Amino acid sequence: MNKPTPAAVPAAFNRDIKTIVNAGLQRRHAAERRFRSYGLIAISLGLLFVVLMFANIIAKGYPAFWQTYVQVPISFDPAVIDPQGIRDPAAIESADYAALVRAGMRRMFPAVEGRTELRALYALVSSDATYELQRRIHQNPALIGSSQEIWLLASATVDTLVKGNIDRTLDETERSVKDNQIGWVDKLQATGKIEKQFNTILFSGGDSREPEQAGIRGALMGSFYTLLITFLLSFPIGVATAVYLEEFAPKNRWTDLIEVNINNLAAVPSIVFGLLGLAVFINFFSLPRSAPLVGGLVLSLMTLPVIIIAGRAALTSVPPSIREAALGMGASKLQMVGHHVLPLAMPGMLTGSIIGMARALGESAPLLMIGMVAFIVDVPKGIMDPATVLPVQIYLWSDLPERAFVERTSAAIMVLLAFMVLMNGLAIILRKRFERRW
Amino acid sequence: MSTTIIETKSALDTALRPAAEAGKQSSLEVTDYDNRQTVGAITVDHPKMVCRNVNVYYGAKQALRNVGIDIGANQVIAFIGPSGCGKSTFLRCLNRMNDTIVTCRVTGQLKLDDEDIYAPVIDVVQLRARIGMVFQKPNPFPKSIYENVAYGPRIHGMVNTKAELDELVRASLERAGLLKEVDKRMNDPGTSLSGGQQQRLCIARAIAVNPEVILMDEPCSALDPIATAKIEELIDELRENYTIVIVTHSMQQAARVSQRTAYFHLGDLIEVGETDQIFTNPKHKLTEDYITGRFG
Chain A
1 MNKPTPAAVP AAFNRDIKTI VNAGLQRRHA AERRFRSYGL IAISLGLLFV
51 VLMFANIIAK GYPAFWQTYV QVPISFDPAV IDPQGIRDPA AIESADYAAL
101 VRAGMRRMFP AVEGRTELRA LYALVSSDAT YELQRRIHQN PALIGSSQEI
151 WLLASATVDT LVKGNIDRTL DETERSVKDN QIGWVDKLQA TGKIEKQFNT
201 ILFSGGDSRE PEQAGIRGAL MGSFYTLLIT FLLSFPIGVA TAVYLEEFAP
251 KNRWTDLIEV NINNLAAVPS IVFGLLGLAV FINFFSLPRS APLVGGLVLS
301 LMTLPVIIIA GRAALTSVPP SIREAALGMG ASKLQMVGHH VLPLAMPGML
351 TGSIIGMARA LGESAPLLMI GMVAFIVDVP KGIMDPATVL PVQIYLWSDL
401 PERAFVERTS AAIMVLLAFM VLMNGLAIIL RKRFERRW
Chain B
1 MSTTIIETKS ALDTALRPAA EAGKQSSLEV TDYDNRQTVG AITVDHPKMV
51 CRNVNVYYGA KQALRNVGID IGANQVIAFI GPSGCGKSTF LRCLNRMNDT
101 IVTCRVTGQL KLDDEDIYAP VIDVVQLRAR IGMVFQKPNP FPKSIYENVA
151 YGPRIHGMVN TKAELDELVR ASLERAGLLK EVDKRMNDPG TSLSGGQQQR
201 LCIARAIAVN PEVILMDEPC SALDPIATAK IEELIDELRE NYTIVIVTHS
251 MQQAARVSQR TAYFHLGDLI EVGETDQIFT NPKHKLTEDY ITGRFG
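Protein sequences, first through last, are from chains A and B.
278 is the number that my numbering gives to position 278 of the first sequence; each next residue is one higher, with no gaps.
140 is the number that my numbering gives to position 140 of the second sequence; each next residue is one higher, with no gaps.
Source of the hints: derived by calculation from the structure; they are not laboratory data.
Keep in mind that this is a model prediction, so the values were computed, not measured.
Glycine is no exception: its CB is placed at the ideal position from the N, C-alpha and C atoms.
None of the hints are false.
Mimicking BS3-like on lysine-lysine, the simulated pairs with C-alpha atoms at most 27 Å apart in a straight line are:
(1) B:K143 with A:K333
(2) A:K333 with B:K137
(3) A:K193 with A:K178
(4) B:K61 with A:K251
One side only, chain B facing chain A, incomplete, derived with CB under 8 Å:
(5) M97
(6) T100
(7) V102
(8) G132
(9) F141
(10) P142
Sample of chain A residues facing chain B (criterion: CB under 7 Å; computed from the structure):
(11) E324
(12) A325
(13) G328
(14) A331
(15) S332
Put together the whole structure using the sequences plus the hints.
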């Protein structure tokens, strides 16, 4: 038995460890402080820009939630609405309601004369005023013959003026409102005949060329139908794919190839999916253009890789002991997955899916390719109706010159952001709610 | 790598041998270190499982070499040996849990009641219902206590009515010695129990499908001595109805609960015998070294 000879004491052991460490200590602490301050600076800068962005959007967008109305004394003259006096609904429907509006306006300003002057006066109210009267008579034919003070939608220029967005000091030729119109509006304001009310049209109307009549309802419904299709397709297929690839597929070169491709697909620019949708769904399968069905199909292609990747990550995070327990009990592989692994992985999968859906909600580029960028006035009633979506609506409005569309653009952005926050909040709640410890 | 280290160690032991030998007047024929043939009686009178020439490979690496052993009915057999010796691998061959490892390959004969469990006609679902398993770390499902025990009977369709299931769950918990503790909180999550209770819940879950054999892979290694004592007591009671195979690192535990003991070393089954004989009178030098604490 030969004991190993004790090794020579290394030279470093002879130095005093305390002084060596102390010498470098200050440098170490300084490095740590520096790193922390970089982090703080980065976060504060980021927050600053977020606050700036939100402040800008909200400042621009919140006036859009109020809309100017003018109170006009309307007399529902039977001679205009129902000249034959037989209460024929078709005749009543097609009566000249614009004449009633004009008469009402003249009644407020009897002094105005001359074609140009009168036309400027009539331009104070929106063209929607005519339809408003028609709607009221349609709802309640008993109004015929009566006189009413009715709040009518003001035109976009009046609205802009009332909101203080028109510079009165400019020369008359450089303004969209003329001096006489400003005079009338001031008079109406002084007598309380002009009022800002909550803008319900913004939420109930479809798109329109007239800013005061334009709403996001059409785009919201379009987004809803599109996302519905996206979710119904991509969630089940994505979850099933993740389960198959993670739990059942043999690990070989082919599955490796598929995995690499799925990861790459998640990074493909979204407009490419739009081109694919155009070529396959519209040109080859002849599905209708601008339809939420096609939009949903295209966005499903885009969302699937995200859901699959999130799903696989959620599945791998389920501890193997649960799988062994289930298999050890004689559960088949599908039972093991269905009864134990999938419920445990579901919160993660849902979170991934909702984040994917939020991305799809904000997507516009691929939808431009399949024609969801059209000017569509009607609110879509199904997945085959022509529709547009919120982000595309924002893009369309941002292109329009009217001041009233500028604030509507910001308002639509606020609605879109609200939905994003809602969906991400839902993801967090679902995760907290269904998260289980083991 | 580890192989070389342990072999060097046993070579060192060989060198030290005379000194140890002198201390004990051994009348046994202690076989040579290099002998890798299984020593002792591998057969029993009433075998539940019969294994012959079992070889297990993980990819190119051989984890078990020519293991042959009988597992007696209504007996507790303990597999002991140093880490990495293949005892857990062999245990997992018995209910084909190794099937889940892609690179794992098993050759040889493994029979349960004269039926080859690796035959193509055998379905692992049916096999694992007949051979239950309890794992090293308690792994109750993240469901209620009741659901944990009811899971097996449910998936196999063993019961027809809720009342029948209730009865079965209670009986299984009773057999696992857990009923009294959980009677009032059947709907609490299984994970809310203490470690020892969780392990007994896992045993209850395993016996709820009335298996013929129960495999236990170091069932007490994550438990404190009191919980361990309870499980050991339970194993002794369960022997009446089931055949039990237990892998353990604790030789005291093997001595306490088992009737037969098998000693594995680096992929070889070194020695099999009655537990009393193995611990008092080992026939192979490696076994003797291990149980006297010279390595492992």
